[in-house]
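Asker: Top to bottom, those sequences are chains A and B.
Numbers 1 to 324, taken from this note's numbering, label the letters of the first sequence in order.
Numbers 1 to 324, taken from this note's numbering, label the letters of the second sequence in order.
Simulated from the structure, these hints should not be mistaken for lab results.
Check before you lean on any hint, since a few could be wrong.
Which copy is meant is left open, so a pair is good if it fits within one copy or across any two.
Capping the alpha-carbon separation at 30 Å, the derived lysine-lysine pairs in DSS-like fashion look like this [claimed, not checked]:
(1) K165 <-> K217
(2) K297 <-> K109
(3) K244 <-> K256
(4) K297 <-> K174
(5) K22 <-> K256
(6) K165 <-> K244
(7) K244 <-> K183
(8) K24 <-> K183
(9) K217 <-> K22
(10) K183 <-> K22
(11) K148 <-> K174
(12) K256 <-> K174
(13) K148 <-> K183
Number of protein chains: 2
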Amino acid sequence: MINVGIVGYGNLGKGVQIAISKTKDMNLVGIFTRRNPNDLVPVISAPVYSVEKLNDFTESIDVLLLCGGSATDLPQNTAKYLERFNTVDSFDTHAKIPQYFDSLDAVAKNHGKLCAISIGWDPGLFSIMRQLFGAVLPDGNDYTFWGKGVSQGHSDAIRRINGVKNAIQYTIPKEGALNSVRKGENPILSTGDKHLRECYVALEDGADKEWVENQIKTMPNYFADYQTIVNFVSEQEVLRMQQKLSHGGLVIRSGKTSNENADVIEFSLKLDSNPEFTGSVLVAYARAVSRLAKEGKVGALTVFDIPLKYLSPLSNDTLRATLL
Amino acid sequence: MINVGIVGYGNLGKGVQIAISKTKDMNLVGIFTRRNPNDLVPVISAPVYSVEKLNDFTESIDVLLLCGGSATDLPQNTAKYLERFNTVDSFDTHAKIPQYFDSLDAVAKNHGKLCAISIGWDPGLFSIMRQLFGAVLPDGNDYTFWGKGVSQGHSDAIRRINGVKNAIQYTIPKEGALNSVRKGENPILSTGDKHLRECYVALEDGADKEWVENQIKTMPNYFADYQTIVNFVSEQEVLRMQQKLSHGGLVIRSGKTSNENADVIEFSLKLDSNPEFTGSVLVAYARAVSRLAKEGKVGALTVFDIPLKYLSPLSNDTLRATLL
Numbered sequence: 001m002i003n004v005g006i007v008g009y010g011n012l013g014k015g016v017q018i019a020i021s022k023t024k025d026m027n028l029v030g031i032f033t034r035r036n037p038n039d040l041v042p043v044i045s046a047p048v049y050s051v052e053k054l055n056d057f058t059e060s061i062d063v064l065l066l067c068g069g070s071a072t073d074l075p076q077n078t079a080k081y082l083e084r085f086n087t088v089d090s091f092d093t094h095a096k097i098p099q100y101f102d103s104l105d106a107v108a109k110n111h112g113k114l115c116a117i118s119i120g121w122d123p124g125l126f127s128i129m130r131q132l133f134g135a136v137l138p139d140g141n142d143y144t145f146w147g148k149g150v151s152q153g154h155s156d157a158i159r160r161i162n163g164v165k166n167a168i169q170y171t172i173p174k175e176g177a178l179n180s181v182r183k184g185e186n187p188i189l190s191t192g193d194k195h196l197r198e199c200y201v202a203l204e205d206g207a208d209k210e211w212v213e214n215q216i217k218t219m220p221n222y223f224a225d226y227q228t229i230v231n232f233v234s235e236q237e238v239l240r241m242q243q244k245l246s247h248g249g250l251v252i253r254s255g256k257t258s259n260e261n262a263d264v265i266e267f268s269l270k271l272d273s274n275p276e277f278t279g280s281v282l283v284a285y286a287r288a289v290s291r292l293a294k295e296g297k298v299g300a301l302t303v304f305d306i307p308l309k310y311l312s313p314l315s316n317d318t319l320r321a322t323l324l
Numbered sequence: 001m002i003n004v005g006i007v008g009y010g011n012l013g014k015g016v017q018i019a020i021s022k023t024k025d026m027n028l029v030g031i032f033t034r035r036n037p038n039d040l041v042p043v044i045s046a047p048v049y050s051v052e053k054l055n056d057f058t059e060s061i062d063v064l065l066l067c068g069g070s071a072t073d074l075p076q077n078t079a080k081y082l083e084r085f086n087t088v089d090s091f092d093t094h095a096k097i098p099q100y101f102d103s104l105d106a107v108a109k110n111h112g113k114l115c116a117i118s119i120g121w122d123p124g125l126f127s128i129m130r131q132l133f134g135a136v137l138p139d140g141n142d143y144t145f146w147g148k149g150v151s152q153g154h155s156d157a158i159r160r161i162n163g164v165k166n167a168i169q170y171t172i173p174k175e176g177a178l179n180s181v182r183k184g185e186n187p188i189l190s191t192g193d194k195h196l197r198e199c200y201v202a203l204e205d206g207a208d209k210e211w212v213e214n215q216i217k218t219m220p221n222y223f224a225d226y227q228t229i230v231n232f233v234s235e236q237e238v239l240r241m242q243q244k245l246s247h248g249g250l251v252i253r254s255g256k257t258s259n260e261n262a263d264v265i266e267f268s269l270k271l272d273s274n275p276e277f278t279g280s281v282l283v284a285y286a287r288a289v290s291r292l293a294k295e296g297k298v299g300a301l302t303v304f305d306i307p308l309k310y311l312s313p314l315s316n317d318t319l320r321a322t323l324l
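Given these sequences and hints, build the entire structure.
Answerer: Following this line, the structure appears as structure tokens:
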């Protein structure tokens, strides 16, 4: 059995716990929280401890699954955990990944530990696809589409506008762009050309619809460069939509093997629950980290470094006999 | 530079040569043939040698790309080449892969060589997807669809019928089955439920259309269990169709992360030229074999064993900075 711990218990932590419960080779030693452990009721019964108690578990936990956010929690705390534990995280600030990798690689090597960083679906499975597709079809172009799914950053930006009570924003791939890419037309597309942004907004009493709509549609960086649709709905409607955490997206590579012959490679995800699926990917990589650590591997790893067989609970013989 | 050789120069060997010509880090030392080398005119100018001369190149070739067939050539000859060279092959007789792997693993280890077996898109990329999807979404079902593309075995079977001058058969995924899988309905589907078989047949003068059509549609194993469409066309038409080597297919996994939440993961290929794309995949894995061999790795490997970074000519730093 692989003994694991969960650090942080938001939506991702819950998703990780559910994914662990579906494995036969993993044992959840505990959930570690910065809140008062007595106030945390897990979705599945499990021991809950203060994160301060982690040091009592250095011998009994093989891998810690870090379920904090990428803005501050992971950059501040991963190195600290990594001094005593092997870790897996979902650090997703793309621009800061090289620096995050280098600093954790040094810490891990100094302390004889192993970590897998930036695990999930983007970065994660989408990164695998971009890298694999580019290697097998070098003369071509990559396209990544996101959605349909909620963008928390864009939803937050709308909620900061005066007169907005609550709001949710969906990023949606544009059909026209998607079809052009799938046809192998190799269009040049900005993020704005590839996606539209659909907003559902509940207003405060007496707020000015037209003014709010204009504030959204002209907001630089967030909406100004996009086709943006604004729908005004009741607060109940927004709250109902906020219950659903569905997401998805596509990675498509279109290219040529010769002047005469073109190919299209496509990978897509349709997820009812973004945090549950991301949690399930983290759990598969926790299995890999545990196995690689037992083989003596130390340092930081990404999805590019880990042979896929390590993600599976099946033996290498079984993989070859049944899936090759 | 990685120095490579091609053994066998049918459609796959040509595809491999074209793929090598698109790399910047590979040098084609020579094409090795069992034919008279003087009779072989490569699609791109390159040295051609008799396969008997291979032993002169043990020091100058890093990896041999074996482009023979899986029925007899690879089972008979791969072990012999592997005694002196690192190799990559596209062995695709699924049922015999475990035995093929075990015997080559022993040869490779005895001779300090490395081989990657069963490389291409199925087995190959499709195997990667089946394994990865199962690991990240364990509670679910896999579906592999092939086509639209030519089945050589089924085309041959039609050509053996009395009165048939020439024929070609396309395997085509059934839209209804595909849509049901994509909707997450988790249907139970036989290969016949997933595919239809469309045949284009040119008859000999005086042959009986109805009798031939009935012979095809009732042929056990090949057609009897499938929805089969038979079109009678001119011999020119069949010859024209035989020029196109397009193929493709899909791997879809549909499953649940919890009782409430379902996911669909999909990978698809649309290929104008099956041998050129397969060749391009072989070349990426030849790069991996060369690099892993230089690190001292010996034995047999499959797509499950090789970290994806080894397929790319880009540095690990660049991969993390640009594709993660």
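Asker: Confirm or reject each hint.
Answerer: Against the structure, the hints:
{"no.": "1", "hint": "K165 <-> K217", "verdict": "within (17 Å within a copy, 65 Å between copies)"}
{"no.": "2", "hint": "K297 <-> K109", "verdict": "both (9 Å within a copy, 23 Å between copies)"}
{"no.": "3", "hint": "K244 <-> K256", "verdict": "between (40 Å within a copy, 15 Å between copies)"}
{"no.": "4", "hint": "K297 <-> K174", "verdict": "neither (43 Å within a copy, 46 Å between copies)"}
{"no.": "5", "hint": "K22 <-> K256", "verdict": "between (41 Å within a copy, 10 Å between copies)"}
{"no.": "6", "hint": "K165 <-> K244", "verdict": "within (19 Å within a copy, 59 Å between copies)"}
{"no.": "7", "hint": "K244 <-> K183", "verdict": "between (32 Å within a copy, 18 Å between copies)"}
{"no.": "8", "hint": "K24 <-> K183", "verdict": "between (43 Å within a copy, 28 Å between copies)"}
{"no.": "9", "hint": "K217 <-> K22", "verdict": "neither (43 Å within a copy, 45 Å between copies)"}
{"no.": "10", "hint": "K183 <-> K22", "verdict": "between (39 Å within a copy, 23 Å between copies)"}
{"no.": "11", "hint": "K148 <-> K174", "verdict": "both (10 Å within a copy, 26 Å between copies)"}
{"no.": "12", "hint": "K256 <-> K174", "verdict": "both (24 Å within a copy, 27 Å between copies)"}
{"no.": "13", "hint": "K148 <-> K183", "verdict": "both (21 Å within a copy, 15 Å between copies)"}
In summary, the structure is inconsistent with hints 4 and 9 from the numbered list given earlier, while agreeing with the others.
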